[in-house]
Amino acid sequence: MTQIELRNLVKQYDAQDQVTLTGYKGEPALNRINLTINDGETLSVVGPSGCGKSTLLKVIAGLEYPNSGQVIYNGHDFTEIKPQDRGVGMVFQDYALYPTRKGRGNLSYFFEVHQRSEEEEQARIKATADLMGVDFDLLLGQIPDTLSGGQKQRVAIARCIVRDPNVFLMDEPIVNLDAKLRERTRIEIKKLLRQFGITTVYVTHDQQEAIFMGDRIAVMRKGNLEQVGTFDDLYYSPANLFVAQFIGTPPIAIVPAVIENGQIAIETTRWTLPSHITLPNGTVRVGIRPEGWRLDADDGISMAVRHIERIPTERAAFVIGTIAGAHTSIVAPVDYPARESVRVTPDWEQAIFFEDEGESALHTPGVPDLF
Amino acid sequence: MSLFPKVGRNQPRMRAAWWMLVIFLCIGVALHLFPFFYMIALSVTPAHETLSPTPVIWPKEPTLAAWRLVFELTTRSSMDSAVRDLMSYPFYVYLGNSLFMALMTLLISLPVTSLAAYANSKLQRGPMARWSFLFFIGTLMVPGVVTLIPSFLMTRNFPFPLPSAPLIPGTDDPFPILRIWDTPWAVIIPGVFNAFNFLLFKGFFDTIPDSIIQAARVDGGSEFNIFRRIVFPMSIPVYAVAAWLQFGAVWDNYLWPLVVFQSPDKIPTSVAISNLMNRFVQAGSTSAQQAAAQTASMREILEAGLSWNGLMVLGLLQTIPIFIMFIICREYLMRGIRLRGLK
Chain A
1 MTQIELRNLV KQYDAQDQVT LTGYKGEPAL NRINLTINDG ETLSVVGPSG CGKSTLLKVI
61 AGLEYPNSGQ VIYNGHDFTE IKPQDRGVGM VFQDYALYPT RKGRGNLSYF FEVHQRSEEE
121 EQARIKATAD LMGVDFDLLL GQIPDTLSGG QKQRVAIARC IVRDPNVFLM DEPIVNLDAK
181 LRERTRIEIK KLLRQFGITT VYVTHDQQEA IFMGDRIAVM RKGNLEQVGT FDDLYYSPAN
241 LFVAQFIGTP PIAIVPAVIE NGQIAIETTR WTLPSHITLP NGTVRVGIRP EGWRLDADDG
301 ISMAVRHIER IPTERAAFVI GTIAGAHTSI VAPVDYPARE SVRVTPDWEQ AIFFEDEGES
361 ALHTPGVPDL F
Chain B
1 MSLFPKVGRN QPRMRAAWWM LVIFLCIGVA LHLFPFFYMI ALSVTPAHET LSPTPVIWPK
61 EPTLAAWRLV FELTTRSSMD SAVRDLMSYP FYVYLGNSLF MALMTLLISL PVTSLAAYAN
121 SKLQRGPMAR WSFLFFIGTL MVPGVVTLIP SFLMTRNFPF PLPSAPLIPG TDDPFPILRI
181 WDTPWAVIIP GVFNAFNFLL FKGFFDTIPD SIIQAARVDG GSEFNIFRRI VFPMSIPVYA
241 VAAWLQFGAV WDNYLWPLVV FQSPDKIPTS VAISNLMNRF VQAGSTSAQQ AAAQTASMRE
301 ILEAGLSWNG LMVLGLLQTI PIFIMFIICR EYLMRGIRLR GLK
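Chains as they are written, first to last, in our numbering: chain A, 1 to 371; chain B, 1 to 343.
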């Protein structure tokens, strides 16, 4: 059981195109990351591509060494420990199976290099095969080239768990699978993670996956950790505009507004803010989620409907248009009739207020008490 | 034939182009095979016929006389002393020299070169990786002939490329040297690092995804174990290509062995055969007496049936080991050549 702590991690890549004679060209891949991953917890790391999430994983695994900062496992400084000695299990995006070894050989490499006994190896492989499901034995006798993507992924996951790792590290493990298989594998991985209760870091660029897999979610951007928290934290109290825009589909609408003595105006339409929201006068940006609008409100602002996207499987529709220059999606009943324009008013209780200049949040609604 | 699209082969123009390509390739194959055919044809032609002004495509009366004679010559079992003395040692001595040098070079050079390429491709990082790559590849840009003299001096006073060993500063004693000149090591040691094979290996190792190496590291394999157990089994075709290229290069090398060998019992087949040809073709002499003796022995040899046909037999003997090597590595070679798209 392992708790991982990252203190002030800085990682700057030193590939040839990244360095000048005097220093580094670009921003660091990791910029002062402080993060604690609790024992037994699954932490999803999301962010747009190139934000440093894979680097974070490699630094935790020891495949990359940080330029400064510490990686601490259970209170011991592991910063300089080789990946060979960290006892982590890792699943890669491209599966990274050893192409010349059969499924069984892929699983047994760990035991070969650790000089474990033949019996232990056989027992562990058998236990893992039982865990991975009925037909997994068939995959063990095959060369990776002959396996399909999903099968390769299962072997890769088995190779990761066969050693009883301290930490699971997963680098976009299911991104290369097709949609249906992705769904199924996601559930399987989740089941395994729950079964093992091992500390896990799960990197993905898909927020749905991050929400599904992670007990907590870390959002990264350009080497910075923007926010860490549960989905509700991120959704209802984003630390800044980036997190608000990154989490949630369809995305949040960011509408410019002016606050004046407890009243708020979007373009020429005015509302009175609820009394508990106290904001200084001036321009702000209001973030309103698709479900944070009331349709056909009398005091609403008129929005020209661009189109209505109906999603019968979800029993919902999204009314899509533009308010004050901002792209806006609004949840509506699936049978919402088509029309030219609609009057909408934001539910101010659910709105998130951001600074006009800069990104930080001025007021967030906080996680609602549902029960 | 990935050269040629599969779609639309039935179009008349495509079909014409296809046949043009086939004809072109057939001409290429014929051009490559004709010298071998001519060598074989000449080797079974009687001696007097090879000297006739009209070229012989296939002899009227094929004879194995030349083969027999060369056999006698190379085993020094001929009754005729003139034939026997053409070669100072039996052929198997030279064959053994050549094999020893070629195999030792392979044995040392393949691990050294491939490990260097692996380190450059997967372990070195940053600008140093680039610079060391350029440094090694840079050695390809210097023709071997340019370094012939310094290399020769180096074999005399290894490791100094100087006419004589320098003195240890402050004393009158020279630095200790190793004289590898006139030993097989003079051929083996310069071949230990092969820049072309380095390029070949590096090109292949670059195609191995880093994630495989990283997965093996996470699995706990030491760097050398990863190379031996994961990377090496993946790279066997490249090893086959490299081994074949280098075997051929060492086997066919002529100029360098000619420079570094003096003792007639140490020369490889390439030099031995060429010496024989020289002795045989140009019969150069300095005195009338010697010339007369030589002409007499030449006449004897000719009468015994040895002429161009015998040279062709020797030439074939020189080529055979490379064929054998090719057949040994054939399957991997084909895969490797497809892999790297070379030759």
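If you are wondering where the hints come from, they were derived from the structure by calculation, not from laboratory data. For clarity, every value in this text was computed on a predicted model and none was experimentally measured. The reader is advised that the hints may include incorrect statements.
Simulated restraints on C-beta separations [to be verified]:
1) A:149 with B:9: 27 to 37 angstroms
2) B:15 with A:208: 27 to 37 angstroms
3) B:5 with A:40: 35 to 45 angstroms
4) B:233 with A:127: 56 to 66 angstroms
5) B:233 with A:67: 30 to 40 angstroms
6) A:340 with B:5: 46 to 56 angstroms
7) A:145 with B:88: 52 to 62 angstroms
8) A:337 with B:210: 48 to 58 angstroms
We put the beta carbon where it would ideally sit given N, CA and C, even for glycine.
To see whether the hints hold, each was checked on the structure:
no. : hint                                 : result
1   : A:149 with B:9: 27 to 37 angstroms   : holds, 32 angstroms
2   : B:15 with A:208: 27 to 37 angstroms  : violated, 53 angstroms
3   : B:5 with A:40: 35 to 45 angstroms    : violated, 57 angstroms
4   : B:233 with A:127: 56 to 66 angstroms : violated, 27 angstroms
5   : B:233 with A:67: 30 to 40 angstroms  : holds, 35 angstroms
6   : A:340 with B:5: 46 to 56 angstroms   : holds, 53 angstroms
7   : A:145 with B:88: 52 to 62 angstroms  : holds, 56 angstroms
8   : A:337 with B:210: 48 to 58 angstroms : holds, 56 angstroms
Consistency with the previously given hints fails for numbers 2, 3 and 4, ordered from lowest to highest.
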